[in-house]
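Asks: One letter stands for each residue in the lines below.
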Amino acid sequence: MSDPSEALASAKATADRLVKAKRLNACLTPVGELRKALVTQAQAAHPSGVLYGMPVAVKDNICTLEFTTTCGSKILESYRSPYEATAVAKLKAAGALIAGKTNCDEFAMGSSTEHSAYGRTLHPFDKTRVPGGSSGGSAALVAAGAVPAALGSETGGSVRQPASLCGVVGIKPTYGRVSRWGLVAFGSSLDQIGVLGRSVHDAARVLSVISGRDPKDSTCEERDPLRLPNVPESLQGFVIGIPREYFPADLDPAVRRACDRAVRLCKELGAAVREVALPHTAYAVPTYYILAPAEASSNLARYDGARYGPRFDGSADVRALYRTTRGEGFGPEVRRRILLGTYVLSSGYYDAYYRKAQQMRALIAQDFRNAFDRGVDLLFTPTTPSPAFKAGEKLDDPVAMYLSDIFTVTANLAGLPAISLPIGRVKGLPLGGQFIGQAFLEDEMLEAAYALERVVPATEEA
Amino acid sequence: MAAPASWETVIGLETHVQLRTASKMFCGCSAAFGAPPNTNVCPVCLGLPGALPMANGLALQLAVRAALALGCTVHSRSVFARKNYFYPDLPKGYQISQFEQPLATEGSLSYLSPDRGIATATIQRLHVEEDAGKSLHDRFPKHTAIDLNRCGVPLVEIVTGPDFRSPQEARAYLLTLKQVLEYAAVSDCDMEKGSLRVDANVSVRRVGRPELGTKTEVKNINSFAYVEKALTVEHDRQIALLEGGGTVEQQTLLYDAKTNSVRPQRAKEASHDYRYFPDPDLPPLVLREEFIAEQQALLPELPAKKRERFVEKYALSVTDAAVLTADRSVADYYEAVVHAGADAKAAANWVMTEVLADAKDHADGLRVPAGALANLIGLVRGGTLSHQAAKRVFGEVADHGGEPRNVAEALGLIQVADTGVVTGWVSEVLVSHPTEVARYRSGETKLLQFFLGQVMKLSRGKADPKLAQRVLEEKLVA
Ligand SMILES: [Zn+2]
Chain H
1 MSDPSEALAS AKATADRLVK AKRLNACLTP VGELRKALVT QAQAAHPSGV
51 LYGMPVAVKD NICTLEFTTT CGSKILESYR SPYEATAVAK LKAAGALIAG
101 KTNCDEFAMG SSTEHSAYGR TLHPFDKTRV PGGSSGGSAA LVAAGAVPAA
151 LGSETGGSVR QPASLCGVVG IKPTYGRVSR WGLVAFGSSL DQIGVLGRSV
201 HDAARVLSVI SGRDPKDSTC EERDPLRLPN VPESLQGFVI GIPREYFPAD
251 LDPAVRRACD RAVRLCKELG AAVREVALPH TAYAVPTYYI LAPAEASSNL
301 ARYDGARYGP RFDGSADVRA LYRTTRGEGF GPEVRRRILL GTYVLSSGYY
351 DAYYRKAQQM RALIAQDFRN AFDRGVDLLF TPTTPSPAFK AGEKLDDPVA
401 MYLSDIFTVT ANLAGLPAIS LPIGRVKGLP LGGQFIGQAF LEDEMLEAAY
451 ALERVVPATE EA
Chain W
1001 MAAPASWETV IGLETHVQLR TASKMFCGCS AAFGAPPNTN VCPVCLGLPG
1051 ALPMANGLAL QLAVRAALAL GCTVHSRSVF ARKNYFYPDL PKGYQISQFE
1101 QPLATEGSLS YLSPDRGIAT ATIQRLHVEE DAGKSLHDRF PKHTAIDLNR
1151 CGVPLVEIVT GPDFRSPQEA RAYLLTLKQV LEYAAVSDCD MEKGSLRVDA
1201 NVSVRRVGRP ELGTKTEVKN INSFAYVEKA LTVEHDRQIA LLEGGGTVEQ
1251 QTLLYDAKTN SVRPQRAKEA SHDYRYFPDP DLPPLVLREE FIAEQQALLP
1301 ELPAKKRERF VEKYALSVTD AAVLTADRSV ADYYEAVVHA GADAKAAANW
1351 VMTEVLADAK DHADGLRVPA GALANLIGLV RGGTLSHQAA KRVFGEVADH
1401 GGEPRNVAEA LGLIQVADTG VVTGWVSEVL VSHPTEVARY RSGETKLLQF
1451 FLGQVMKLSR GKADPKLAQR VLEEKLVA
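Top line first, the protein sequences correspond to chains H and W.
Using my numbering, read the first sequence as starting at 1 and increasing by one per residue.
Using my numbering, read the second sequence as starting at 1001 and increasing by one per residue.
If you're looking for bench data, these hints aren't it; they were derived computationally from the structure.
Be careful, since some hints might not be right.
For lysine to aspartate or glutamate, the following EDC-like pairs were computed, each having C-alpha atoms within a straight-line distance of at most 20 Å [as the list claims (entries may be wrong)]:
| no. | chain 1 | residue 1 | chain 2 | residue 2 |
| --- | --- | --- | --- | --- |
| 1 | W | Lys1313 | W | Asp1327 |
| 2 | W | Lys1134 | H | Asp317 |
| 3 | W | Lys1083 | H | Asp351 |
| 4 | W | Lys1142 | H | Asp313 |
| 5 | H | Lys390 | H | Asp252 |
| 6 | H | Lys356 | W | Glu1100 |
| 7 | H | Lys427 | H | Glu461 |
| 8 | W | Lys1215 | W | Glu1243 |
| 9 | W | Lys1258 | W | Asp1138 |
| 10 | W | Lys1142 | H | Asp317 |
| 11 | W | Lys1446 | W | Glu1436 |
| 12 | W | Lys1229 | W | Glu1217 |
| 13 | W | Lys1219 | W | Glu1436 |
| 14 | W | Lys1229 | W | Asp1199 |
Chain H side only, calculated, beta carbon under 7 Å to chain W, not exhaustive [what the hints assert, rightly or not]:
| no. | residue |
| --- | --- |
| 15 | Leu183 |
| 16 | Ser188 |
| 17 | Glu295 |
| 18 | Ser346 |
Label pairs and their in silico Cβ distance ranges [what the hints assert, rightly or not]:
| no. | chain 1 | residue 1 | chain 2 | residue 2 | range |
| --- | --- | --- | --- | --- | --- |
| 19 | W | Tyr1085 | H | Leu441 | 37 to 45 Å |
| 20 | H | Arg336 | W | Gly1194 | 36 to 44 Å |
| 21 | H | Pro215 | W | Lys1134 | 25 to 33 Å |
| 22 | W | Lys1134 | H | Leu403 | 45 to 53 Å |
| 23 | H | Leu441 | W | Gly1034 | 46 to 54 Å |
| 24 | W | Gly1034 | H | Arg355 | 53 to 61 Å |
| 25 | W | Glu1100 | H | Val399 | 25 to 33 Å |
| 26 | H | Arg323 | W | Arg1139 | 45 to 53 Å |
| 27 | W | Val1207 | H | Arg355 | 37 to 45 Å |
Note that the Cβ used here is the ideal one computed from N, Cα and C, for glycine as well.
Produce the entire structure from the sequences given, and follow the hints as far as they go.
Replies: Here it is, written out as structure tokens:
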């Protein structure tokens, strides 16, 4: 696309598609505002940009100048950021159109997009089911064909898990590959902006644009933007590790069948496949649910009603203002995690929980290094233990909800890149498989994903 | 009540010093004092959603220099940590500080104790942190206003051991600390502008007892003048409590300068569990050895060293050397005067008297150029100017500038050493005071000073006093 009229046409078509997808409650931006903003952006976009005219929806926990940034929370209702995220600025500089803000679990805490103050997002294939989360709005919009790609964010699998459940591609880059400037913090040492796309290529080219150094984020690596690899003819020379801990005896047989088929296809493409052990995997979810809430309890302290966002009490006493604003502004899942995080950081408990979890995190990262040191290039695992579950099914059982991230949290804890791509269907519902790559070797990971994507019968029953 | 001597006071100090940077610790906002409220702010220091800190390189350099000036070990790896608490002037709900792994530890600072002579305070730790904003309770009736200009301003916190045995010692240490940090040019150390703030831990114990008593923390000591007062009030309070059979409660107290008393901080402001943990937004601070060495090389000669050198090199007394080195610019000025050729001892006297007095009246300005002062001292030494006349010239040069010799000539102050002229003045004086001459000749020789004074008066200070005295003695004997 390079003709200004085409960008304008794209903007209008996107707006129409977003109107059609409205029933999913995936996009939080009002349609009228969105249509106007898309047209304005299309007129301003520079035709030489590599994403010229491409609509990209943005998760509502990423700051934009165009729309409100509420993080799916009442506590940031109507909040408009005076600055935009580096990832968003880079998208705009590349000519992309910011196609509205997508629904998510409040402050990205959840795996179903049911924990949003603005209502749940529906699964595009079955409205009784969840699209996954927390980037469920982004996944649903891409799956519904409303946009070719969307930004999401990951702390423990919030891009890959909904990608798996919605049948789209989801990439979580290496920690430090993409700037976090403007990504509203949840668990800062785990958070990364990720991309959801119709295809590996759509996701990868957006990732390439938003990646690279940023002087505003000291955890962002001093590196050039990711260079996209070519689609390989084969996987000759690739050694793919299959971590046995990700295929427990009680794994859903359909999930196992889908993964086995994908692995067989990789072998047919010339890859060597080898079983590996990641012995600390069992501790990943508990470790994650200590570290992420600990950081969240501090990151979310700023929402106190004093400077921005609604106040839920006009009381003159500042402590009462805090209590009511935070008590009413945050939903139950966010409150649960703040309490959990506050507890594990408290004096007397810090060593038993936080410090121990940090030690375990180092061991989990070491597991991966050991596997890679033994000649494995990539790991292949299921993305999720099951396809999309019913809305409400896990709402009363937080631990069951937390376990839906069991195969994804490890990459966040180890800071590694990972990609989920559709590998089949289970009773008509999509299912993803994931490659976990080595730090800053997204290109190798993408090559494998490109190759598998071409041959895997993603829409066939496993 | 027992004699106060039976109690010993034990004090440790935590000093917050603002580093001399143009911008804040973690964002590019101006760190300048006195801007209209909430004008030096941005998403980072306002704690807006999604904003991230970036450490200020100059602040880190200055912090390392401060640590080195205090003889600390600077660690090659230190960690920023979050100190979590809710307060309206703390927009993020946490302060970025350092906790388990501070920038520097194990330093010391020697100072002149009024009780014990040279004493040494241990510096337990020095760490980097950001300042909070300011809550203004008296600006609007019934409302608290928040000014976030200070929020994010770079600070170092310097923590001593429980090393001071009196409020006077604590004050002496603080003045020395201020002097060293000013020398190192890391801070303005201006308590009135809040760039130096001090909290004190105070306890008392019976003299000779090794264990420490229960301590209290005294906060809100806003000026050097209050340091001694606040600490005295608190140690008096503790002694009175213990003398009366009570116990000291561990608590935080606020000093009120208006009433010269301490009051407990409200319970809900105190006893925080700060839930420190490493800040995940900032990688550990890793300092290369060469970087630390560079900062060491950038440190000027510090006051203690300079004092010793002045004693040695210029043959000054310790007291004089201390006066001359108290302020780096004065010390530099003194050395410039000597380098311009003035006698070291005479230069010291001039600087300690005329120069410092003039500076005090003129906003610490050193108004007479060092070269001019050296020339002036030379004129006195060479007999061209009397000391009295030189003081006038000094004032004139300070006010209007000019070369001392030219100024002295224009004022007609050049000393007359011509025997003929001086003999003329002497004769005139003796003729007009016959009674005094007679008394002198009958043995009242101390009248010589009277005659000399008359000669100086008649000559309007121009007569060379030594010559005048010699001529007077000759004439009076005759
Ligand atoms: Zn700022």
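Asks: If a hint holds in the structure, say so; if it doesn't, say that too.
Replies: Tested hints:
1. Note on W:Lys1313 and W:Asp1327: the hinted pairing holds, with a Cα-Cα distance of about 18 Å set against a maximum of 20 Å.
2. Between W:Lys1134 and H:Asp317 the CA atoms are separated by roughly 18 Å; this keeps the pair inside 20 Å, and the hint holds.
3. Between W:Lys1083 and H:Asp351 the alpha-carbon distance is near 17 Å, which keeps this suggested pair within the 20 Å criterion.
4. Under the criterion of a C-alpha separation no larger than 20 Å, the hint pairing W:Lys1142 with H:Asp313 is consistent with the structure, at around 17 Å.
5. Among the hinted pairs, H:Lys390 with H:Asp252 is consistent with the structure: their alpha-carbon atoms are about 16 Å apart, no more than 20 Å.
6. Annotation: proposed proximity of H:Lys356 to W:Glu1100 holds, straight-line Cα distance about 16 Å (limit 20 Å).
7. Taking the CA atoms of H:Lys427 and H:Glu461, the gap is near 7 Å; set against the 20 Å cutoff, the hint holds.
8. In summary, the hint linking W:Lys1215 to W:Glu1243 is supported, as the alpha carbons are separated by about 16 Å, within the 20 Å threshold.
9. With a CA separation close to 16 Å, the supplied pair W:Lys1258 and W:Asp1138 stays within the 20 Å bound.
10. This hinted pair checks out: W:Lys1142 and H:Asp317 have alpha carbons roughly 11 Å apart, not beyond 20 Å.
11. For the hint pairing W:Lys1446 with W:Glu1436, the CA-to-CA distance comes to about 11 Å; that is within 20 Å, so the pair holds.
12. Pair hint W:Lys1229 plus W:Glu1217 holds up; C-alpha atoms about 15 Å apart against a cutoff of 20 Å.
13. Proximity of W:Lys1219 to W:Glu1436 is assessed by CA-CA distance (about 69 Å); at most 20 Å being required, the pair is judged violated.
14. Between W:Lys1229 and W:Asp1199, the direct Cα distance comes to roughly 13 Å. Compliance with the 20 Å bound is thereby established for this hinted pair.
15. A least Cβ separation of about 6 Å between H:Leu183 and chain W falls short of the 7 Å threshold, and the interface hint therefore holds.
16. About 4 Å separates the beta-carbon of H:Ser188 from the nearest beta-carbon of chain W, less than 7 Å, and the hint is met.
17. Satisfaction of the interface hint for H:Glu295 is found here, the shortest Cβ-Cβ separation to chain W being roughly 6 Å, below the 7 Å cut-off.
18. With its C-beta approaching chain W no nearer than about 6 Å, H:Ser346 sits inside the 7 Å limit, and its interface hint holds.
19. Distance hint check for W:Tyr1085 and H:Leu441: the Cβ-Cβ separation is about 42 Å, which falls inside the suggested range of 37 to 45 Å.
20. The beta-carbon spacing between H:Arg336 and W:Gly1194, approximately 40 Å, falls within the hinted interval of 36 to 44 Å.
21. Separated by about 29 Å at the C-beta atoms, H:Pro215 and W:Lys1134 satisfy the suggested range of 25 to 33 Å.
22. In this structure the hint that W:Lys1134 and H:Leu403 lie 45 to 53 Å apart at CB holds, the actual value being about 47 Å.
23. A C-beta distance of roughly 52 Å is found between H:Leu441 and W:Gly1034, which places it inside the suggested range of 46 to 54 Å.
24. Distance hint check: the CB atoms of W:Gly1034 and H:Arg355 are about 43 Å apart, inconsistent with the given range 53 to 61 Å.
25. Distance hint check for W:Glu1100 and H:Val399: the Cβ-Cβ separation is about 32 Å, which falls inside the suggested range of 25 to 33 Å.
26. At roughly 25 Å, the beta-carbon separation of H:Arg323 and W:Arg1139 lies outside the given 45 to 53 Å, and the hint is violated.
27. In this structure the hint that W:Val1207 and H:Arg355 lie 37 to 45 Å apart at CB holds, the actual value being about 42 Å.
Checked against the numbered hints given earlier, this structure breaks hints 13, 24, 26; the rest are met.
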